[in-house]
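**Student:** Here is what each chain is made of, one letter per residue.
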Amino acid sequence: MKWMKNIELRNITKKYGKGENKTCALNKVNIGIDEGEMVAIMGTSGSGKTTLLNIIGTIDSWTEGEYYLKGKNIRDYSEKEKAVLRNQVFGFVVQDFALVPHYKVEKNVELPLYYTKYSKKKRKEKTDHVLERLHLINKKHCYPAELSGGQKQRIAIARALVNEAEILLCDEPTGALDSKTTKEIMDIFVMLNRSGKTIIIVTHDMEVAKYCRRLVKIEDGNIIEDVYK
Amino acid sequence: MIRNLRFSIEAMGDKKIEMFLRWVQIVISFVCLCFIFQTFYDFQSINEKIEYLAGTSEIYVLRDLNTDAWYEELCNNDELTWKFQKIVDVINQTEVEKIVLNNNYETTKDQQSIELISVSKNFFEKYGVNGNFEEEVFSDFELRTLSNEEWSNEIWPVVAGYNYTHSYDLGEVIQDDYGQKYKIVGFLSKNTTYTLPMQSKDLECLDAAFIIPVNIDKNDNGNMIEYIFSCQFITDQKEALSSIEKTNRELQLLDMYFDNYTNQLEYVKNDTIECMVLFGSFGVVLMVFSMIGIVCMIIQLIANYEYEYAINMLCGANFGDIYFRVVFQSVCLIGSSVLISFAFFGNTKAFRNIVVISGVCLAGLFIFSFLKLKSETIINKIRING
Ligand SMILES: Nc1ncnc2c1ncn2[C@@H]1O[C@H](COP(=O)(O)OP(=O)(O)OP(=O)(O)O)[C@@H](O)[C@H]1O
Ligand SMILES: [Mg+2]
Numbered sequence: 010m011k012w013m014k015n016i017e018l019r020n021i022t023k024k025y026g027k028g029e030n031k032t033c034a035l036n037k038v039n040i041g042i043d044e045g046e047m048v049a050i051m052g053t054s055g056s057g058k059t060t061l062l063n064i065i066g067t068i069d070s071w072t073e074g075e076y077y078l079k080g081k082n083i084r085d086y087s088e089k090e091k092a093v094l095r096n097q098v099f100g101f102v103v104q105d106f107a108l109v110p111h112y113k114v115e116k117n118v119e120l121p122l123y124y125t126k127y128s129k130k131k132r133k134e135k136t137d138h139v140l141e142r143l144h145l146i147n148k149k150h151c152y153p154a155e156l157s158g159g160q161k162q163r164i165a166i167a168r169a170l171v172n173e174a175e176i177l178l179c180d181e182p183t184g185a186l187d188s189k190t191t192k193e194i195m196d197i198f199v200m201l202n203r204s205g206k207t208i209i210i211v212t213h214d215m216e217v218a219k220y221c222r223r224l225v226k227i228e229d230g231n232i233i234e235d236v237y238k
Numbered sequence: 045m046i047r048n049l050r051f052s053i054e055a056m057g058d059k060k061i062e063m064f065l066r067w068v069q070i071v072i073s074f075v076c077l078c079f080i081f082q083t084f085y086d087f088q089s090i091n092e093k094i095e096y097l098a099g100t101s102e103i104y105v106l107r108d109l110n111t112d113a114w115y116e117e118l119c120n121n122d123e124l125t126w127k128f129q130k131i132v133d134v135i136n137q138t139e140v141e142k143i144v145l146n147n148n149y150e151t152t153k154d155q156q157s158i159e160l161i162s163v164s165k166n167f168f169e170k171y172g173v174n175g176n177f178e179e180e181v182f183s184d185f186e187l188r189t190l191s192n193e194e195w196s197n198e199i200w201p202v203v204a205g206y207n208y209t210h211s212y213d214l215g216e217v218i219q220d221d222y223g224q225k226y227k228i229v230g231f232l233s234k235n236t237t238y239t240l241p242m243q244s245k246d247l248e249c250l251d252a253a254f255i256i257p258v259n260i261d262k263n264d265n266g267n268m269i270e271y272i273f274s275c276q277f278i279t280d281q282k283e284a285l286s287s288i289e290k291t292n293r294e295l296q297l298l299d300m301y302f303d304n305y306t307n308q309l310e311y312v313k314n315d316t317i318e319c320m321v322l323f324g325s326f327g328v329v330l331m332v333f334s335m336i337g338i339v340c341m342i343i344q345l346i347a348n349y350e351y352e353y354a355i356n357m358l359c360g361a362n363f364g365d366i367y368f369r370v371v372f373q374s375v376c377l378i379g380s381s382v383l384i385s386f387a388f389f390g391n392t393k394a395f396r397n398i399v400v401i402s403g404v405c406l407a408g409l410f411i412f413s414f415l416k417l418k419s420e421t422i423i424n425k426i427r428i429n430g
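Taken in sequence, the protein lines are chains X and H. Quick note on my numbering: the first sequence kicks off at 10 and runs consecutively. Quick note on my numbering: the second sequence kicks off at 45 and runs consecutively.
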């Protein structure tokens, strides 16, 4: 299926709740994202950005429509296969970092590798390598609480990268950071994008969106704008 | 699987102190519970034994009112020997069935305390004491009246407690510190117990005891006195025993009277039942509480680490991986506590209760954690805690 994009959502609808309280978080969303793209998703609060990202990352379900990843229908995937996707294809970076507070930095980063077949030695190697790449090797034995926000976010990125994820899903990755640190983090994303990673960033911040070549705007669960710069 | 196992162990290592404290909590509640149950079953067993013993007809024993000084006098006075012989003869001639049970604690040369019990052969049947031997092996020796020398020239049959099964063979001839020879004719079953006639609230364990046929040394006053007070007479007609009392009175020998042992057993039994109710209800309450405690504790453990689990799932763990970890940790905590209780109590009824209780706890936990982990999506868990 050559015409298909790497990520392809067709008429995806997501409804929360039942009966009267039913909210439609996504309404027949169609979007395709190619390999190596860097996409910013913007929209007001509650417009459905996170929901969209979570559906792409297979950590949330949807009500109607089809989701194809590399031409394969995700509806046919079992829980286990989705876990493998999260392990090998997607890397998640979120606003509050989602680090385990009682794991050391090292273990937080190594976490995805626990669910692979790599040997202990290989795991350490890969962890050190990615930490070095993000200039965090000297923080290896710290706990997350001992790090600054920017450092924590870099740890989260390191974790997303450690198993060579192809697609980074970032939900307001700079939401908790100041503008200087934001720039630092965005530079990392740009660098990663240049090295071939697909990056999808949900953000409120126009500055952040400027780094991306493509901008998608969502309003009340509908895509209202989708432009390449 | 192996990967999961390794990771689960590592995850427990991450929270060593917490795990340890929780483990201590479970161990303590199991051991307490086991102890309570054990006490309950002990009382139950005493009760059963008393019921069995007192079941058929009345039991009479001789109560003794003699002073120590008088005993001294009696034991050392050879002139009185014929009088004791007379009483012993009268006792042995009465038509009434009697059980003889005389227990002595002896200290060996290497300071080990062993219980040496001399009994009539009906002791085993009446007291419900079992093992791999025939009571008949005692028949030849029953109530023989041997002097000291004769006694020591014989090889006596002995039934050994369970503890000796590994140290002696069946048929082996052993010697005590005084050179007396005994032949092992059988062993008692494990955890064999009986109740002492005069202090029936205790359960005496026979695992370390030696049981030999009762002998009467007709030249030894002390030995005969012991024999007289070791007899339990089973009869519904107290008059049948009057000849014994009469002879004693005529001879002006001992200060003693017949007492109805069955009545005393009744009192003890009522006491025991009270204790059973007390310990039983206490046990049930404690059981309910500790089960709730353990289950709540592990539920809390799961809830505490839900965020961690969610992040693991975000990184590629599937439901099975996480469930395995929760199950593994609960099994480790509860399983090892069960093992500790086993070390303390062995494979007893009380311990088997603990096994059942922990099984119920585990089953509850498996179901709970399954539903709990299934019910929430990863993203909700991260949202709630993050
Ligand atoms: N678990 C949920 N249960 C019910 N409704 C939900 C749930 N999650 C999201 N919603 C609803 O779905 C809609 C979209 O939510 P979503 O989190 O995707 O918004 P968002 O665009 O990410 O907002 P924000 O910028 O504030 O993060 C909202 O109206 C929200 O109330
Ligand atoms: Mg959001």
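Hint data in this document are derived by calculation from the structure and do not stem from the laboratory. Be aware that a few hints might be false.
[As the list claims (entries may be wrong)] Taking CB as the label site, the calculated pair distances span: (1) X:231 - H:62: 44 to 50 angstroms; (2) H:407 - X:129: 44 to 50 angstroms; (3) H:61 - X:13: 50 to 56 angstroms; (4) X:144 - H:57: 27 to 33 angstroms; (5) X:97 - H:210: 58 to 64 angstroms; (6) H:391 - X:129: 37 to 43 angstroms; (7) H:407 - X:144: 48 to 54 angstroms; (8) H:325 - X:32: 51 to 57 angstroms.
Predicted model only: the values in this text are computed from it and were never measured. Positions of the beta carbon are idealized from the N, C-alpha and C atoms, including for glycine.
**Student:** The structure should be examined with respect to each hint, and the outcome stated for every one.
**Tutor:** Verification of the hints:
The hinted range of 44 to 50 angstroms is satisfied by residue 231 of chain X and residue 62 of chain H, whose Cβ atoms lie roughly 48 angstroms apart. At about 35 angstroms, the CB distance of residue 407 of chain H to residue 129 of chain X disagrees with the hint of 44 to 50 angstroms. Between residue 61 of chain H and residue 13 of chain X, the C-beta spacing of about 53 angstroms keeps the proposed range 50 to 56 angstroms intact. Distance hint check: the CB atoms of residue 144 of chain X and residue 57 of chain H are about 29 angstroms apart, consistent with the given range 27 to 33 angstroms.
Roughly 59 angstroms separates the CB atoms of residue 97 of chain X and residue 210 of chain H, a value that falls within the hinted 58 to 64 angstroms. Checked against the hint of 37 to 43 angstroms, the C-beta distance between residue 391 of chain H and residue 129 of chain X comes to roughly 40 angstroms, which is consistent with it. Hint check: residue 407 of chain H to residue 144 of chain X, Cβ distance near 50 angstroms, so the stated range 48 to 54 angstroms holds. In this structure, residue 325 of chain H and residue 32 of chain X meet the distance hint of 51 to 57 angstroms, their C-beta atoms being roughly 54 angstroms apart.
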